[in-house]
Structure formats: C-alpha cells, structure tokens
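Student: So you can see what is in the structure, the chains are spelled out below.
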Amino acid sequence: MSTAMNDVMIEAEGLTKSYGRPGARVRVLDGVGLRVARAGVHALLGPNGAGKTTTVRILATLTTADSGTALVAGHDVVTDRRRVRRAISLTGEFAALDETLTGEENLRMMARLSGLPRARARERAEELLVRFGLGDAARRQARTYSGGMRRRLDLAAGLVGSPEPGVFFLDEPTTGLDPRSRRELWQVVRDLAGRGAAVLLTTQYLDEADQLADRVTVLDQGGIVAEGTPDSLKSRVSGHRLDLVLSTREAYLRLAARAVHHSPETRTLGIPTDGTAAHARALLDEIDPHRTDVDRFSLHTATLDDVFLALTTAATEAPAHV
Amino acid sequence: MSDAPGALTRATVMTGRSLLLSRRNTDAVITSMMLPIMLMLIFVYFFGGAIDTGAAYDSYVMYVVPGVLFLCAGFGSATTAVAVSEDMKGGIIDRFRSLDVGGMPILAGHVVTSTVRNLVSTALVFAVAVLIGFRPAATPAGWLAGATVLLAYIVALSWISAAIGLLARTPEAAGGFTFFMSFLPYPSSAFVPVDSMPGWLHGFADHQPVTPAIESLRGLLLDQPVGNTPWTALAWAAGILLVAVALSGALFTVRTR
Numbered sequence: 001m002s003t004a005m006n007d008v009m010i011e012a013e014g015l016t017k018s019y020g021r022p023g024a025r026v027r028v029l030d031g032v033g034l035r036v037a038r039a040g041v042h043a044l045l046g047p048n049g050a051g052k053t054t055t056v057r058i059l060a061t062l063t064t065a066d067s068g069t070a071l072v073a074g075h076d077v078v079t080d081r082r083r084v085r086r087a088i089s090l091t092g093e094f095a096a097l098d099e100t101l102t103g104e105e106n107l108r109m110m111a112r113l114s115g116l117p118r119a120r121a122r123e124r125a126e127e128l129l130v131r132f133g134l135g136d137a138a139r140r141q142a143r144t145y146s147g148g149m150r151r152r153l154d155l156a157a158g159l160v161g162s163p164e165p166g167v168f169f170l171d172e173p174t175t176g177l178d179p180r181s182r183r184e185l186w187q188v189v190r191d192l193a194g195r196g197a198a199v200l201l202t203t204q205y206l207d208e209a210d211q212l213a214d215r216v217t218v219l220d221q222g223g224i225v226a227e228g229t230p231d232s233l234k235s236r237v238s239g240h241r242l243d244l245v246l247s248t249r250e251a252y253l254r255l256a257a258r259a260v261h262h263s264p265e266t267r268t269l270g271i272p273t274d275g276t277a278a279h280a281r282a283l284l285d286e287i288d289p290h291r292t293d294v295d296r297f298s299l300h301t302a303t304l305d306d307v308f309l310a311l312t313t314a315a316t317e318a319p320a321h322v
Numbered sequence: 001m002s003d004a005p006g007a008l009t010r011a012t013v014m015t016g017r018s019l020l021l022s023r024r025n026t027d028a029v030i031t032s033m034m035l036p037i038m039l040m041l042i043f044v045y046f047f048g049g050a051i052d053t054g055a056a057y058d059s060y061v062m063y064v065v066p067g068v069l070f071l072c073a074g075f076g077s078a079t080t081a082v083a084v085s086e087d088m089k090g091g092i093i094d095r096f097r098s099l100d101v102g103g104m105p106i107l108a109g110h111v112v113t114s115t116v117r118n119l120v121s122t123a124l125v126f127a128v129a130v131l132i133g134f135r136p137a138a139t140p141a142g143w144l145a146g147a148t149v150l151l152a153y154i155v156a157l158s159w160i161s162a163a164i165g166l167l168a169r170t171p172e173a174a175g176g177f178t179f180f181m182s183f184l185p186y187p188s189s190a191f192v193p194v195d196s197m198p199g200w201l202h203g204f205a206d207h208q209p210v211t212p213a214i215e216s217l218r219g220l221l222l223d224q225p226v227g228n229t230p231w232t233a234l235a236w237a238a239g240i241l242l243v244a245v246a247l248s249g250a251l252f253t254v255r256t257r
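First to last, the sequence lines map onto chains Y and D. Heads up: the first sequence begins at 1 in the numbering used here, then just goes up one per residue. Heads up: the second sequence begins at 1 in the numbering used here, then just goes up one per residue.
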C-alpha cells in the first residue's frame, strides 16, 4: 500500500467543471481547492447546487474536472485513478445498496469485489455489521431497514474492502435522517476520524459541520465563499444582532443600509452587535437620538443558519479566507 | 490491502448478485415464465383449430412450439432491461465503479442471469408443450444445433435488453421498450405460415432476424431439412450480440459520465 508520506490525504487545487452542450454550458465548479489531513473531518457546506457533490465525484474519480489537479492518498485522481479507488470509500446521498439483498449479502458482495477471498469477506462483513450496530439485522433485506440503519449499512459497504484508516467521502450522509439517527451517524464519523481516517463530508446543515468538522469550506454557486474552522466562521458573522421594530417607514428606509436582516412587512431591521449592554445602549442612542424611531427591540443570537445565509448570499463579494 | 480481483471474480460476483436479485423478485420471474405458457395454450386451443399450417404438420401444436420458445426468450430477457435500469437509477453503480467494477461485468452478470432464467422457463414451456402433444423427432445433432440457436438468441436478446435498460430513463420505460421486442415473433412464421399474411408483409416477415431462428428450430426439432437457415440464424444472433455489446459499452460510458 502506497500512501502519501505526509499527512495530507486529500489535496485539490483549482478544480473547475462545466456541464451541458457546447454553447449552453453551465459552470458548476469554479476553482475549488481544499486540503484534508489524516484523522481530520472536513465539511463542504453549501446549498443545493453549490457544487458539493461534483467536488466529491471528481475526488472519488467518478467524473473528471475540466481543469485543476487533485491528489487523494497521494495519487492523482486522473492518471492514477485505480490506486485512488482502492484507497477511498464513498457514500453517496442515495444509499448504494441492493434493497432486496440482506445487509450481510450486500457487505459480502462489496468485500468480494474489493478482492477479499470468500471466507475473509464473510468475516469482514460480520465484523462491520457488529461494529455499526447492525448485527441483529444482518439477515434482513435492506429494504426493511430504517433510514439510519440503511445509511450505516451504506457506510459499512463503503468501508468493507478499503484499508483502514483510509479516505472517506460522505455525500450528505445524514440528509433525511431523524435526529437520533443523525447523532448515531455522527458518532460513526467521529470514530472513523478517531481511527485516523481523512473524512470529507458534504452537508447542508451547519450544525452538522459544527459538530463534526475541524475545517469547513463554504461553497456557493461553484465557488468557495469562506474557509476555516467552525469557530472562526461563526465569529466572522457577528454573533448577535439587535432587532429593531421601527415606528415609521422613513426611519426604516434611513437605517436599512446598516442592517444585516430586513423584514419590511414588520418594519424590522437587524443590526449587528456584540451583545453587550454597553454596545446595545450606545447603538440605540446613536441610531435613535430623539427616542422616537424605535418602538421595540429584541436581542437576537445569530443561529448557525444565519451565518450560513450571510456567507452564501455574500457570494458575489470577494471570497474571504478566515 | 487485498489484491484487485480479476475480471472473472468480478463477473462471477456480479452474476451471483443478479441471480440473487432475480430470486428475490419472484413476481417478475413467474410472470415472464407463465405468459409464454398461457400464450401457447391460447394459440393451440383457441386459434389452433382455425390455422392451416399445411400437410407437413400433424397438428398445430407441432408447428407452434418453436415460435413459443422464442416468444418466451423475448419475455424472459425483458426483465433484464428493467433490472439494468433499476441499477442505473440508484447509487449502486457509483459504488461499483468506486470498486473499479466497470459496465461490462455488471451487464454480463445480468445477461448470464437472464440466460439461466430463460433456460429454466424454456424447459418449463417445453415440458408443457410435450404434455399437450408436442412430439419432437430430432436427431442428436438436431437437438444440439437447435439448442445452440435458441441459446444464441437468448444471449443476444438479453444483451439487447441490457442496452435498452441503459437507454431508458426509468425502469418503467425500459419495460415498455422491451414489449416491442417480444412482439417480434408475431410478424414471422412463428404462429402462422408467412404465406397467409398480406403480400407487403412477406418481405419483412421472411427476412427479420427471428424468422430464420424459428424456421431452423422447427426444422431441427421435427427432423425436416433446414438447409442453411441455422447458419443464417446464428449469423443474426452474432450480429445482434456484437451490436448490443458495443452499444451498451458506449451507453454505459455516457450514462455514468
């Protein structure tokens, strides 16, 4: 087994990709680069159509980029795709399982296709079923599994023939799962990284990135909007805002430019603040010296979704590196 | 790390997989086996009395069985299109590809399974045919030649089905497409002599790929002179197979790009 001597397991630079016929091509990826280290979880965060899945498919050798380079486990994803494929596990948004085969049959098939001899394949399948909490369901057809069980079986299937720790691509692994199954899957992902795997996961959920990732790349419309640790991203968008309900339309229009949150129908504006009493008091005095414009106010603690929205809607501005 | 499995292992595993899938999908398998038997009974008992197949045949059942065997191959291979299309719909193809399994082993697995399934249903149809009075008189060489022609068509039709499965956007559409294929035996000498059809149809009925196959199987089973027709039939089967393999290879690449 030949892996990279350094600890960077996924390294991509300047990936671009367009789809469609000549003349009507749509650019879905516009210069995406990232680095994922061993024992690390990197989240690709973005809305639908941001280019997350395309990035994963390029890195997993399922499609090729129009330009740019990528090394996975030290191998080039274009010229050395066979070696890359043997180093990675891929779990897509749609479970890649045979519904009418049992969990055990699914895993044994994947193990055999990865080159394990029959007896070893059976052992490996059993081992993974137990590890992923599917021991009791091993002989049931996959179509009888719950969403969470299916996702875990899918993960196990991606893992079955790969040398651990390895490189994992998890494309929206928790989409459609109930909160409990999500948490169970998060634990599985943490365990993988704990064993030394490099994990690249895509998600639309910020709390997921926050919970799991040590680095986050925010994608929007094929480009990188921001990149950094979850904490640095959160601090980039101020943590609090003061929501003011204004008494008149004139006041609303006068202050609209300063606001990060607009709600004209309720004449509410949200102005960034650090959340301290001193800052809130000063802010109110400054924007409403005559004490007539602001009817009511409330302090709003920015949710992760606010951060996400702020970052992705700012996509047209210069990308920020945090 | 384990060594990459050889092409044979891949194809074997994929065949095992589609055999299992087929076993779990008994509805479709039973339907594809029962339909030809029912059609045979309908033709023999409902229409047979009114069909004049000439003095060479003691009864209609002697004439119609080879045609029914090909009809059976058509129905049986249609399931392949649906199975391939189901594969393309889900994420499993990406999983296989990430394990370095390409289109050919996947499709070959389906085709081998389809062939096995077809051989079972052919045996079943044949058994029912004997029960209702079909009495083959083939020589050992004739049996062998007849079986070869039938097998060649089963493989060729299954592979065309696989290509259709890649072409269709949904499994439902794939099933619909293959419906046309199972109609191919009708405008041929399968059920009625071509002479009894309108003149404009003769050209097609005489020269379409299923006709030489049915003619030679009938001749071989009843020990009548067949001339070159078995070779013509095999040439058709080989041609269809070649086109189907090339086409499905190209389609797989396009669909997974």
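None of these hints come from the bench; they were simulated from the model. Some clues are possibly wrong.
Unchecked claim - FRET-style restraints, in silico, Cβ to Cβ: (1) D:Ile132 with Y:Arg118: 41 to 47 Å; (2) D:Leu242 with Y:Gly23: 32 to 38 Å; (3) Y:Ala39 with D:Asp27: 22 to 28 Å; (4) D:Asp27 with Y:Gly49: 36 to 42 Å; (5) D:Phe183 with Y:Asp178: 57 to 63 Å; (6) Y:Arg118 with D:Pro193: 50 to 56 Å; (7) Y:Gly33 with D:Leu242: 42 to 48 Å.
Every value quoted in this text rests on a predicted model; they were computed, and no experiment measured them. Idealized CB from N, CA, C, for every residue including glycine.
Student: Hint by hint, note whether the structure agrees.
Tutor: Hint by hint, here is what the structure shows:
{"no.": "1", "hint": "D:Ile132 with Y:Arg118: 41 to 47 Å", "in the structure": "holds, 45 Å"}
{"no.": "2", "hint": "D:Leu242 with Y:Gly23: 32 to 38 Å", "in the structure": "holds, 35 Å"}
{"no.": "3", "hint": "Y:Ala39 with D:Asp27: 22 to 28 Å", "in the structure": "violated, 48 Å"}
{"no.": "4", "hint": "D:Asp27 with Y:Gly49: 36 to 42 Å", "in the structure": "holds, 38 Å"}
{"no.": "5", "hint": "D:Phe183 with Y:Asp178: 57 to 63 Å", "in the structure": "violated, 48 Å"}
{"no.": "6", "hint": "Y:Arg118 with D:Pro193: 50 to 56 Å", "in the structure": "holds, 54 Å"}
{"no.": "7", "hint": "Y:Gly33 with D:Leu242: 42 to 48 Å", "in the structure": "holds, 45 Å"}
Checked against the numbered hints listed earlier, the structure breaks hints 3 and 5; every other hint is satisfied.
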